[in-house]
Amino acid sequence: MTEFLFTNNATGALETAIGGADVILNLVTGQGALFPAVSAGSGQGFYVKVESGSTSVFMLCTSRPGDALTVTRSESNSFPQGATVKLVLNSIVLEHFMQQGVFRSVATDPDGVLAAEYAGEEVYQSVTEHWWKHTTGTEWKQMT
1 MTEFLFTNNA
11 TGALETAIGG
21 ADVILNLVTG
31 QGALFPAVSA
41 GSGQGFYVKV
51 ESGSTSVFML
61 CTSRPGDALT
71 VTRSESNSFP
81 QGATVKLVLN
91 SIVLEHFMQQ
101 GVFRSVATDP
111 DGVLAAEYAG
121 EEVYQSVTEH
131 WWKHTTGTEW
141 KQMT
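Letter by letter, the sequence shown follows residues 1 to 144 in this note's numbering.
These are calculated hints, taken from the structure and not from any lab test.
Take the hints with a grain of salt, since some may be wrong.
[To be verified] Result set (SDA-like, lysine to any residue): computed pairs, CA atoms no more than 25 Å apart in a straight line: (1) Lys49 to Gly112; (2) Lys86 to Ser74; (3) Lys86 to Ala107; (4) Lys86 to Gly20; (5) Lys49 to Gln31; (6) Lys86 to Ser56; (7) Lys86 to Ala33; (8) Lys86 to Thr70; (9) Lys86 to Thr72.
[What the hints assert, rightly or not] Label pairs and their in silico Cβ distance ranges: (10) Glu75 to Thr138: 35 to 43 Å; (11) Phe103 to Thr55: 38 to 46 Å; (12) Pro65 to Val113: 34 to 42 Å; (13) Thr29 to Trp131: 50 to 58 Å; (14) Gln142 to Thr84: 21 to 29 Å; (15) Ala33 to Asp111: 38 to 46 Å.
The beta carbon of each residue, even a glycine, is placed where N, CA and C say it ideally should be.
Using the sequences provided together with the hints, build the complete structure.
If you want it as structure tokens, here you go:
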């Protein structure tokens with residue numbers, strides 16, 4: 001699962017046009033620094049929206065060396081030089097967020113076996129009707 005990275009107001013423009021199969025977006029010199037730093041293979045990334053006229057496509061950036069964004073894309077649209085590239089928060093990213101008040105239910109004791117979704121997570125053990133709170137790693141403490 002991707003660890004999503006964010007920054008405020010990251011917007012740039014394509015230095016060169018891209019074809020439908022291109023996976024490298026070259027931004028205007030210096031604009032790459034506006035986007036989060038991410039290294040290939042790190043498991044991190046961020047979504048950008050590339051837009052020109054009425055055409056726009058979301059792409060997952062998995063590497064940003066300098067002003068070049070390496071992306072994964074599901075559509076084969078082409079974009080001209082100068083097309084807008086903007087870091088966005090989209091539904092794919094939001095689906096990975098835990099919502100306050102939403103909890104997991106487990107049938108067995110989670111201590112020592114269950115990895116937490118986030119620090120301090122609470123889970124409900126449905127068989128014994130006990131609540132557990134995450135402490136560290138796969139360690140959980142039963143709440144009284």
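message = Between the alpha carbons of Lys86 and Ala33, is the straight-line distance 25 Å or under?
response = holds (13 Å)
query = Given the proposed pairing of Lys86 with Thr70, does the C-alpha separation stay at or below 25 Å?
reply = With a Cα-Cα distance of about 14 Å, the restraint between Lys86 and Thr70 holds, given a limit of 25 Å.
message = So if I understand the rule, the pair passes when the alpha-carbon distance is 25 Å or less; does Lys49 with Gly112 pass?
response = With a Cα-Cα distance of about 41 Å, the restraint between Lys49 and Gly112 is violated, given a limit of 25 Å.
task = Assess, step by step, whether the Cα of Lys49 is no farther than 25 Å from the Cα of Gln31, and give holds or violated.
result = holds (15 Å)
key: Pair hint Lys86 and Gly20, alpha-carbon separation not exceeding 25 Å   = holds (18 Å)
ask   = Is it true that Glu75 and Thr138 lie within 35 to 43 Å of each other by Cβ?
value = Cβ of Glu75 to Cβ of Thr138: about 39 Å, so the range 35 to 43 Å holds.
ask   = If you check the beta carbons of Pro65 and Val113, does the distance land in 34 to 42 Å?
value = holds (39 Å)
Outcome of range test on Cβ distance (Ala33, Asp111; 38 to 46 Å) = The hint (38 to 46 Å, Cβ to Cβ) holds, given that Ala33 and Asp111 are roughly 44 Å apart.
request  = Mind checking the hinted window 50 to 58 Å against the Cβ distance between Thr29 and Trp131?
outcome  = holds (54 Å)
message = Hint check: Lys86 vs Ser74, CA-CA at most 25 Å. Holds or violated?
response = The given pair, whose Cα atoms are some 17 Å apart, holds under the 25 Å limit.
query = Does the hinted range 38 to 46 Å hold for Phe103 and Thr55 at CB?
reply = holds (41 Å)
ask   = Is the straight-line distance between the alpha-carbon of Lys86 and that of Ala107 25 Å or less?
value = Cα-Cα ~43 Å, so violated.
Going through the hint list in order, the structure does not satisfy hints 1, 3 and 14.
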